[in-house]
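*Asks:* Okay, here's what each chain looks like letter by letter:
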Amino acid sequence: MTLIAERPEAGPPRPWSFPSFERREVAGGRVITCHLPGKPLAVLGLVADAGAVTEPRGKEGVAEIVVRALSEGAGDYDAYGFAVAGERLGATWRSHTDWDSLRCGFEVPVADLVGAAELLAVAVREPRLEEASLQRVLAERVDEIRLDQSQPGPRASSAFAAAVWSSECRYALPDGGTAETVAGLTPDDVRSFHGARLRPDAITLVIVGDLDAVDADAAARAVFEGWAGESTEATAAEPPKARAEGARVVVVDRPGSVQSVLYAGHDAPNRRTPDYVPMTTMALVLGGMFNSRLNYRLREDKGYSYGAFGGFDARRDAGIFVARSAVQTEVTAPALADAIAEIRTMQETGATADELEQARSYRAGVFPINFAGPGAVASGLSDLVVHGLPDDHYDRLRQDVLDVGLDAVNAAASKRLRPDDLVSVVVGDASAIVDELRATGLGPVEVLTDEA
Amino acid sequence: MLTDVPVLPDYPYTLETLDNGLRVVVSEDHLAPVAAVNVWYDVGSRHETPGRTGFAHLFEHLMFQGSTHVARNDHFGLISAAGGTLNGTTWCDRTNYYETVPAHHVETALWLEADRMGGLLDALDQQNLDNQREVVKNEKRQTRDNQPYGSWLDLVHTHAWPEGHPYQHSTIGSMADLDAASLEDARGFYSTWYGPDNAVLSVVGDVDTEATLAAVRRYFGGIPAKGQYPPSPPSDLPALIGQEIRRTVPDRVPVPRIFVAYRCPPFGTPEFDALELAAIVLGGGRGCRLYKSLVLDRGLLQAPDGDVTSTWPFVAGATVFIADLPAREGADVAELEAAYHEIAEGLADGVSEDEMERARAVHTSTWLHHLATVDGRADTFSQFTTLFGDPGLVNTLLPRQLAVTGADVAAVARDFLRPDNRVVLVFEPAGDPEDAEEVGE
Chain V
0 MTLIAERPEA GPPRPWSFPS FERREVAGGR VITCHLPGKP LAVLGLVADA
50 GAVTEPRGKE GVAEIVVRAL SEGAGDYDAY GFAVAGERLG ATWRSHTDWD
100 SLRCGFEVPV ADLVGAAELL AVAVREPRLE EASLQRVLAE RVDEIRLDQS
150 QPGPRASSAF AAAVWSSECR YALPDGGTAE TVAGLTPDDV RSFHGARLRP
200 DAITLVIVGD LDAVDADAAA RAVFEGWAGE STEATAAEPP KARAEGARVV
250 VVDRPGSVQS VLYAGHDAPN RRTPDYVPMT TMALVLGGMF NSRLNYRLRE
300 DKGYSYGAFG GFDARRDAGI FVARSAVQTE VTAPALADAI AEIRTMQETG
350 ATADELEQAR SYRAGVFPIN FAGPGAVASG LSDLVVHGLP DDHYDRLRQD
400 VLDVGLDAVN AAASKRLRPD DLVSVVVGDA SAIVDELRAT GLGPVEVLTD
450 EA
Chain B
0 MLTDVPVLPD YPYTLETLDN GLRVVVSEDH LAPVAAVNVW YDVGSRHETP
50 GRTGFAHLFE HLMFQGSTHV ARNDHFGLIS AAGGTLNGTT WCDRTNYYET
100 VPAHHVETAL WLEADRMGGL LDALDQQNLD NQREVVKNEK RQTRDNQPYG
150 SWLDLVHTHA WPEGHPYQHS TIGSMADLDA ASLEDARGFY STWYGPDNAV
200 LSVVGDVDTE ATLAAVRRYF GGIPAKGQYP PSPPSDLPAL IGQEIRRTVP
250 DRVPVPRIFV AYRCPPFGTP EFDALELAAI VLGGGRGCRL YKSLVLDRGL
300 LQAPDGDVTS TWPFVAGATV FIADLPAREG ADVAELEAAY HEIAEGLADG
350 VSEDEMERAR AVHTSTWLHH LATVDGRADT FSQFTTLFGD PGLVNTLLPR
400 QLAVTGADVA AVARDFLRPD NRVVLVFEPA GDPEDAEEVG E
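Heads up: the protein sequence lines correspond to chains V and B, in order.
Numbering of the first sequence is given in numbering that gives the first Met the number 0, commencing with residue 0 and proceeding in unit increments.
Numbering of the second sequence is given in numbering that gives the first Met the number 0, commencing with residue 0 and proceeding in unit increments.
If you are wondering where the hints come from, they were derived from the structure by calculation, not from laboratory data.
Each hint should be verified, as a subset may be incorrect.
Heads up, incomplete: computed chain V residues facing chain B, CB under 10 angstroms, no partners named [unchecked claim]: (1) Gly28; (2) Gly228; (3) Gly364; (4) Gly372.
Taking CB as the label site, the calculated pair distances span [claimed, not checked]: (5) B:Pro223 / V:Pro12: 34 to 40 angstroms; (6) B:Asp178 / V:Glu435: 22 to 28 angstroms; (7) B:Gln242 / V:Arg13: 56 to 62 angstroms; (8) B:Thr13 / V:Lys414: 37 to 43 angstroms; (9) B:Glu427 / V:Gly37: 48 to 54 angstroms.
Residues of chain B clear of chain V, computed beta-carbon distances all greater than 10 angstroms [said to hold, decoys possible]: (10) Gly117; (11) Val332; (12) Ile342; (13) Ala360.
Cβ coordinates follow ideal geometry from the N, Cα and C atoms, glycine included.
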């Protein structure tokens, strides 16, 4: 047996920068085009300032219903006709809403880009929004949320939101709404949100792919030409407000569970926070890589879990920090205590120079992999729109990551992690775990029992 | 200058077999400065011995615990520090390991793969085994035992293949067998199955073919061939199940959900190609028959995230065609099942050219999407070289499948999507999972 003992040296790094793109105005609409040579599929999508935070109070979940309703019949097409028209082009419809945006569009062979744009235009400009189909979409969505919430991970996520945020702010409910809020929506609510938010002035069209042989302007004209109307200002949402009730534990009883899903975290800064790079680089060391402290402790050291993660979700208005895992029921209390101890240690003593070096080189190195295709590039460009970031954002971010120092990272750990404010949510078999959780001293324990 | 954007895949590649039997595929793609390294070992849960179900997958975890020159956390540590991503997976027909890295780090990935291909036993110890056994048991809990409908996969394996068939158990295995796995099992499994002449290595991306082949020879060339591997476990079985097998499964779930599995010819046969297209006509995308009838017109089926029907790409003896049918709240589950069967069996009465055109377009885009990234392509090169000895299928499989006709689809529907060839699992909401038991045949 001859194995090479010596680890190879890396070759010289090859230059990479975020693909160049153009912001333009076509037929009065905002358009971003990005030429990526050699890719057989293009992405044509729109991003609208119509995310969950723009929903009127009491109408939580309506943005997701609107984006679904777009493909349920538009112009001359009924729902089935629209699906077939796209699929005959080999175009795949994708739609999505999150806190800060609504997105939809097609992945399509480049040759059919303009055809797909015509379909997208019909969907967004002339959706039928008929009573019967809206009633069906609403009912399906309620079923889907119930199905989703029957899984322990999504149940933990919604319980965590409710435990962290004050009930009057939008963040206290999932971005897609709850079964109750969606069940309370009417077809008129859906039409009204579409009319108020899906207007040309609130939309940017993003086109990414091999654009050499296609007329991207024609695609953009198909979407914007002759489309008038201004969006209505979204009702000023309540500013995000954490409950700020100190460290505590919320158990969601799920009898018979063989694992407990753990969430532990608190509110955090928004995307514009000046220490965004040090804060998120610190989070990689804590819980964002395989060799991060949380995964090492809970998985590779203790064998409690298949994996443990932690990090920040920095939204436009505010954010959260959360560490999460799913652990064998028997070790629920020690696993939660271990996770919280890792957060506390990071807050108190910070990362080491070696850990930072690994996090930096990982994060900077992975850019070309993460932006390898039209879908990822289109998504990155849409994020620029959502957060109002400059054209050179990704190249600058990469450089900032390479430049970030240990002092800044540890200052962020000290300031942005708040172990005494950690809200822990545990979805599991309460009868097997509550006594031990009480004994940990991690804070008062509240038990929620879901309706069967 | 116009770029030549292919309508069908036309990816270049070189296949070389080293003296020790390692098959190496290199495919250059200079669009981005990244490279994917992918190793398939021709061993999966199909090769497990009785009493050791789940072992191939548990063993996969041990491959990340270090080797002769690689410390315990260095697989993840070195690739992460290079700015790369990595993982491994196990399924019935294979175990694969892969890294995607900035291209100037490709030799690091090759070195890591070579070291564990040749030198795992130096690092394998009881502590690693015990730790990863617990990790895998938690993986099973997280992905199966603690999930609503979580037993469906196991039940398909148990009932769609006969007793003793290598696909009759699922890849995750049983808790009892995982508990029984010993260090001796691990040494034996490695010594039996892990060698260069039972593996395929693919490198795709911003690399030079000759330089890459030279590096592969340097890192892997010193690993001796084993020369001999056990014969594949016998996988012959009747083409059809011969009856309907029905199981009702009370579970802690919000709505009933039906899974239907049909036994059908394996991946690599013309019938399988036709069944892939049948899955799109019947239940792929939103312009398919099942979506139109059961979701849009009748409101019986919960709109699925993905496709309603699909095939599994298994190669030994027989595979399955699966339908996944979650009921709408309040829908009559018997009505849903009857409506489904009528539509599925109706495929045998004929398929229009319009439907075939849609199915071909959907299939083409799905396939182009799969091959669009260097990592997806590297995995596919490894897959086709391992299973069929032909990396060129990356380019030729799609045209072959696009030649499937409506008559072909109707024929496989008639032959395989039939009542005496199906397993029907009906999950029903039940109060307490402790009371759950299987009933009925």
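*Asks:* Check each numbered hint from earlier against the structure, then list the numbers of those it violates in ascending order.
*Replies:* Numbers 1, 2, 8, 10, 13 - these are the hints that the structure violates, sorted from lowest upward.
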